[in-house]
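Protein sequences, first through last, are from chains A and B.
Just so we're aligned: 265 in my numbering is position 265 of the first sequence, and the numbers increase by one with no gaps anywhere.
Just so we're aligned: 263 in my numbering is position 263 of the second sequence, and the numbers increase by one with no gaps anywhere.
These are calculated hints, taken from the structure and not from any lab test.
Only a predicted model underlies this, so the values are computations on that prediction, with no experimental measurement involved.
Glycine included, each C-beta is placed from N, C-alpha and C at the ideal position.
Below, in silico cross-link-like pairs of lysine-lysine (DSBU-like), each with a Cα-Cα straight-line distance of 35 angstroms or less: (1) 162/A - 405/A; (2) 65/A - 303/A; (3) 29/A - 292/A; (4) 2/B - 221/A; (5) 384/A - 162/A; (6) 2/B - 193/A; (7) 201/A - 2/B; (8) 197/A - 397/A; (9) 303/A - 384/A; (10) 172/A - 221/A; (11) 2/B - 268/A; (12) 172/A - 197/A; (13) 2/B - 162/A; (14) 397/A - 292/A; (15) 384/A - 302/A; (16) 2/B - 405/A; (17) 172/A - 2/B; (18) 2/B - 226/A; (19) 197/A - 2/B; (20) 135/A - 162/A; (21) 65/A - 367/A.
Covered stretches of chain A (chain B as the covering partner; in silico rule of three or more C-beta atoms under 8 angstroms from a C-beta of chain B): (22) 36 to 48; (23) 263 to 271.
Non-contacting residues of chain A with respect to chain B, defined by C-beta distances greater than 10 angstroms in every case (computed): (24) 113; (25) 131; (26) 162; (27) 198; (28) 294; (29) 295; (30) 302; (31) 332; (32) 397.
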Amino acid sequence: MKRKYWMLPATAAFATLAFNSAQAAPPIKIGVIAEASSVSGASIPKAAQLAADEINAEGGVLGRKIEIVTYDDHNSATDAVRAFQRAAREDKVSFVIASYISEVVLALEPWSARLHMPMITPGAASDEISHNIYKDYNHMKYVFHGYFPSTFIADSVCDAAKDLLVDEHHMKTAVVMSEDAAWTLPLDAEYLKCLPKIGLKVVDHIRVSPDTTDFTPIFNKIEGEKPDVIITGISHVGVQPTVQWAAQHVPIPMFGVSSQATTSTFWKDTNGATNGVVFQTAASAGVPVTPKTNPFSDNYEKKFGATPSYAGYTSYDDVYMIADAIKAAGGTNPDKLVTAMEKTDYVGTIGRYVFNGKTSPFTHTFKVGKGYITGIVVQWQDGKQVPIWPANVAKAKMTFPSFVKLPQ
Amino acid sequence: MKALQILIDGFAISSLYATGAIGFTLIFGVSGVLNLSHGSIMVTAAVVAWLVAGSFGAGPYGGALIGVGASVIVSLVTYGIVVRPIQKSRAIAREEKEIFVLTGTLLWGIMVQEVIAYVFTNNPKTVLPLIGGVVNILGVRTPRTEIAIAAIAWLAMGLLWLLVNRTRGGKALMAAAINPRGLTLCGFELGSIHLLVWTIYGVLAGIAGVLLGSFLGVSSDNAGQLTASAFSIVVLGGLGSVTGSLVAAYVVGYLESLTAYLVNPSIRTVPVLLLLVIVVYLRPQGLLGRR
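Let the sequences and hints guide you as you build the complete structure.
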């Protein structure tokens with residue numbers, strides 16, 4: 001009898017323990033695969049972690065915490081595939097946010113299909129990513145394209161060029177200068193179509209090797225052709241063409257895509273040579289594309305010391321969309337997650353996300369255009385990234401350093 | 001016009017190549033070491049110069065000086081913790097030491113490169129140019145910094161020539177390259193000669209790194225390419241021959257510039273590599289080699 005009384009508190013303690021462990025349900029894991037040592041890639045895991053911390057502070061998802069598991073793919077498709085397999089098979093993640101490099105994402109797509117592992121890319125742009133889903137929806141449906149496809153980027157650049165270059169500065173000719181990569185193939189194809197339509201005759205189309213260090217001969221050739229503007233498509237390269245453009249006083253403005261220029265460290269990396277460079281992006285620090293843009297970029301800068309690259313904004317939004325999908329699906333079943341993701345209607349830091357359905361050739365790419373996500377054009381002006389297009393977010397006029405000669 | 005442009009650009013880039021490669025060949029000549037961490041040491045100099053000049057407000061000259069200082073430190077550390085322990089080791093057979101040094105410096109170089117990429121990302125950094133602006137040379141718009149780069153590179157090489165030919169330490173250095181055993185018999189400490197040559201090397205590699213950083217911008221990803229280009233120049237010129245490296249640097253610099261301007265910038269290094277293969281076949285000792 002005495003012995004039974006003694007057991008009472010022990011039983012109570014056991015019961016409390018059991019209750020606690022039921023409450024502390026295992027976290028929901030999201031894998032993040034990106035190149036940690038590049039400016040664009042480094043923002044991806046950091047922004048994802050920031051989103052996860054915010055969601056967890058609010059109690060997590062379905063009573064479970066979100067855990068971000070990061071993998072450095074060193075910009076290599078082989079490393080990324082290995083990381084993806086590990087994430088799915090060993091670390092048992094429920095969703096993967098992967099890379100800003102199209103070549104890497106294209107290599108991961110079949111693995112997402114094979115392992116039924118939902119995946120979204122926050123920064124890769126090649127049209128092929130969504131075309132692959134369209135061509136084989138039943139297998140590829142686990143892939144989502146969380147950034148502008150290259151064709152839409154080119155269209156956005158052309159729209160801005162029409163207003164800023166053709167209408168305002170009466171420009172007539174352009175040279176397209178893009179790096180040789182998967183994402184620039186559709187980009188250049190669309191540039192060559194849309195630039196003449198807005199009144200810019202393309203006098204040359206130059207594709208530069210991403211290994212190029214000395215751009216002098218390239219600028220020299222371009223200058224010889226006397227275009228009014230250089231329309232860029234650069235992401236793997238950035239600092240070197242920019243610095244040499246300024247050092248050599250190349251008198252032609254650079255306008256288009258320059259991914260590295262999207263982060264605030266670019267001014268320091270180029271010692272200010274980026275002054276006057278114009279680039280298209282999804283969102284930028286200090287530009288309230290939505291009410292969520294500035295709070296995110298401010299928090300990010302406070303925590304990591306620099307503003308996020310373009311892929312940081314999307315990576316942050318991705319975690320929130322995944323969390324919503326998990327809630328809607330009532331768990332992490334991949335097929336239910338895909339269905340829930342397809343129903344996404346979410347206002348993030350870059351605009352309103354609604355994904356195209358399987359009948360669109362851009363399957364699972366977010367809708368682009370008014371009321372959805374539009375993109376903005378920003379210019380580096382005296383150490384600051386200043387929005388110059390579209391008119392509703394523009395804070396200043398486009399202006400160039402004195403060595404740039406604009407057509408009269 | 002294009003010819004003059006090639007002449008000017010080729011001269012600047014060749015002077016840079018020469019400065020980097022001469023230190024590389026000097027070490028080989030004096031101590032038989034092929035330092036495969038060369039590119040990483042150059043990158044260290046450039047990144048430190050960028051950091052100090054920009055973030056710590058030291059300005060272009062302060063940044064450049066500290067960048068070169070960092071290069072000397074890394075160079076001496078390379079000698080102290082990688083090269084010397086292998087050379088002194090009794091566990092490694094004498095005939096295998098060269099290959100161990102080669103592997104050791106290669107791995108050390110990768111480590112330095114990875115650390116730089118981890119801390120500063122692999123995005124290229126641009127060192128503040130010593131002077132800004134452009135000048136017009138017979139119609140060719142040339143950045144002033146490009147002229148300064150060629151002048152500084154030649155000044156450094158001129159000082160090296162004076163050091164080697166006019167000072168006791170420098171003469172001992174050359175003697176060590178010709179007959180190290182004879183030098184020790186004359187009472188010279190070979191260890192301090194090696195220390196001297198690694199210091200000189202550090203200064204030259206540092207200057208080359210900082211200048212390259214201000215001219216084209218340097219990323220940790222360039223380390224391997226920089227080592228390969230120094231290696232090609234040194235093999236082409238003749239292993240251990242300082243004059244050979246100087247000549248080879250200009251052959252490489254101009255061949256690259258001609259290819260980039262007249263054919264395609266994407267294949268600028270291809271003709272140089274072809275030339276290297278031909279030289280290795282027909283004249284394995286290089287243009288002015290002595291072994």
